[in-house]
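J.: Residue-level listing of the chains:
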Amino acid sequence: MTVAFCGMTHLGLVSAAAAADLGVATLAFDPDAALIARIKAGELPVHEPGLSAAKLRLTAAPSDLAACDVVYIAPDVPTSDDRQSDIAPLTRLIDAVLPHVRRDATIVVLSQVPPGFTRRLWQRDPRFFYQVETLVFGQAVERARKPERIIVGCADPAQKLPVAYASFLAKFNCPILPMRFESAELAKISINLCLAATLSVTNTLAELCEALGADWGEIAPALRLDRRIGPHAYLNAGLGIGGGNIGRDIATVIRLGAEHGTDTSVAQAWLGHSQRRRDWPLMLLAAAHVSQIGILGLAYKEDTASMKNSPALALIDGLAGVRVAAYDPAVNWQDAELAYVKHAHAPLEACADADAIAIMTPWRQFRDLAPAAIADAMRGNLVLDPYRVLDHGACAAAGLDHRVLGRA
Amino acid sequence: MSRTVIVGARGFVGGAIVRRLAEAGMPTLPLGRTDIDLLQPDAGAKLAAQLRPDDAVVLVSAEAPCRDAAGMVRNMAMVRAMAEALAAQPVAHVVNISSDAVYADEPALVSEDTPAAPASPHGAMHRAREVLLSAAVKAPLAHLRPSLLYGAADPHNGYGPNRFRRTAAKDGKIALFGEGEEKRDHVLIDDVAELVRLAIAQRFAGVLNLVTGKSVSFRDIAERIAAMADRPVAIEGSPRRNPVTHRHFDVRARLKAFQQFRPTPIEDGLARAAAPLESVR
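These protein sequence lines are chains A and B, in that order.
Residue numbers for the first sequence follow our numbering, so the first one is 1 and each next one is one higher.
Residue numbers for the second sequence follow our numbering, so the first one is 1 and each next one is one higher.
Heads up, some of the hints might be wrong.
Chain A residues, not near chain B, derived (Cβ > 12 Å throughout) [stated by the list, open to error]: (1) A60; (2) C174; (3) M179; (4) E207; (5) G213; (6) D215; (7) G244; (8) Q275; (9) V322; (10) Q365; (11) L369.
Once the Cα atoms are required to be at most 25 Å apart in a straight line, the calculated BS3-like pairs of lysine-lysine come out as [claimed, not checked]: (12) A:K40 to A:K55; (13) B:K256 to A:K308; (14) B:K138 to B:K183; (15) A:K171 to A:K160; (16) A:K342 to B:K256.
Hint data in this document are derived by calculation from the structure and do not stem from the laboratory.
Positions of the beta carbon are idealized from the N, C-alpha and C atoms, including for glycine.
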């Protein structure tokens with residue numbers, strides 16, 4: 001059995017690598033020959049712990065797809081600033097791939113698509129299935145290898161899955177949930193909205209904690225022990241909802257609600273509150289007199305180089321007239337949005353002479369920073385540490401004014 | 001530097017704006033009712049004759065508070081004159097002084113994104129004024145919505161710092177509605193004038209709430225004023241007739257628009273407002 005993945009950006013590459021790790025012959029196709037050449041040379045387009053393309057058969061020739069029993073269509077779907085998906089590149093890839101796929105092969109759309117998309121494809125070509133991706137930036141390889149379950153969208157869930165596809169999925173050793181196309185497409189959105197709901201509760205109550213003298217850090221563990229909430233619930237206070245995909249899915253639900261006359265005002269409120277919490281550092285800095293700031297972390301979360309929807313960039317954008325030095329272990333410094341930011345090559349270099357510092361991405365290595373060393377490097381003493389990377393007591397002992405989310 | 005025309009320059013707000021712009025060395029043309037009575041039929045033409053294409057115009061004139069239909073009609077006549085003047089003589093920038101009364105009285109966090117839903121004739125007047133000016137003005141247009149104003153020269157005697165200061169001085173007491181639990185955002189007139197200056201300097205367009213972002217209770221203000229008085233002041237509560245409501249403002253839009261601005265803390269503002277009226281005038 002040979003499985004192909006088409007579209008070698010984050011989703012396709014990680015999913016292909018996971019399949020290859022299971023011992024399945026895996027073809028990795030992208031029409032961009034230069035991209036394929038770079039991956040062959042070991043230059044991966046994404047930063048993910050444990051990601052390797054070594055076991056993949058990489059190709060830019062669509063004719064190679066003729067050898068495959070299951071063909072995944074897996075490019076990342078870009079989202080615009082107004083949280084709309086652009087599925088045109090996905091559609092182009094499908095059109096390019098389709099003539100080369102064997103008649104008895106199964107085609108699986110793995111990219112996230114709006115409800116109704118896959119059924120329209122299936123009406124054109126009954127080889128199509130849809131499979132929900134649940135990648136998490138920074139944990140993508142692990143989750144692709146060991147999914148909690150696999151959700152499969154089909155025209156008729158009562159029918160057995162094609163043999164090759166079913167035997168490939170069986171290798172993941174997890175529950176397989178076939179359902180109609182629309183349910184599967186909406187299941188993906190439902191997962192993200194459940195996460196958004198939890199994050200919104202967390203961020204709302206964290207803000208209230210700051211006003212009441214409570215500490216969300218004390219409350220969250222109590223909630224995790226509640227069986228109805230659970231140990232893995234998204235209860236860490238953050239700078240808004242974060243990440244582009246959850247925001248995109250909230251926008252999709254709002255749009256679908258408007259189209260079908262469903263009340264989605266609660267989802268609109270999540271977005272509004274998310275925007276507000278994203279500006280938490282800006283609100284605190286406005287109360288201080290800051291002419292130079294050091295920013296530790298630019299990526300939107302740890303273990304990724306992605307700056308899409310990064311709170312650090314939002315902060316920098318709101319800091320006109322303030323000198324900014326920043327350090328991040330992974331992001332690409334060629335990005336135009338960093339044109340006016342001084343590139344520090346070490347965390348303490350970003351802290352040097354700063355009136356305030358903001359730890360905007362909870363990279364693991366920042367936990368090893370000694371508050372005393374930070375205090376020595378800084379001119380001022382204001383430390384905005386939304387994710388509680390540093391130890392509060394040690395910061396206080398070093399004379400730092402250590403502010404975190406969810407505690408006064 | 002281009003000139004700023006202040007329409008309604010003799011009032012509490014207009015006067016403060018004129019003084020602030022003058023302090024900042026900005027040329028001004030202050031116009032009061034004695035210069036142009038906006039209720040007169042020829043007011044639009046008269047005002048247009050005073051304007052130049054590179055002017056910034058600050059529209060402060062209003063009959064406030066607007067309490068009823070007759071007040072609304074007079075205020076709309078004034079807006080008509082403003083709109084006619086700005087149509088006849090376009091200018092470079094227009095700043096309309098509106099009010100936070102355009103928002104509904106709901107216990108919510110208010111931002112510029114909060115839909116305007118005025119419940120009072122005064123709020124409806126300001127909202128109508130915003131809508132009519134937006135329809136008439138082609139230049140960059142700012143609607144600035146101050147919250148509850150206070151300052152030494154305030155001629156109004158509304159519930160709040162100004163009245164508290166006067167009754168404390170005159171009668172040795174401050175009367176509260178209920179126990180004065182309601183939290184409101186009280187903004188010092190000097191801060192409003194400074195924000196208007198910044199809006200003109202940066203040619204700000206759009207809606208902005210002129211607020212501090214820190215709401216305090218009426219009791220808190222009463223206690224601060226009592227503490228500043230040179231004689232004992234009794235703070236008297238009264239049976240509550242209306243439920244307690246609070247209003248807080250989200251100031252992120254202001255932070256982004258005018259990063260250099262710092263609102264005057266209430267304790268400093270009350271001290272400044274406590275200066276004798278004569279010394280301010």
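J.: For a quick check of understanding: which of the numbered hints are violated here, in increasing order?
T.: Hints 4, 8, 9 and 14 not satisfied by this model.
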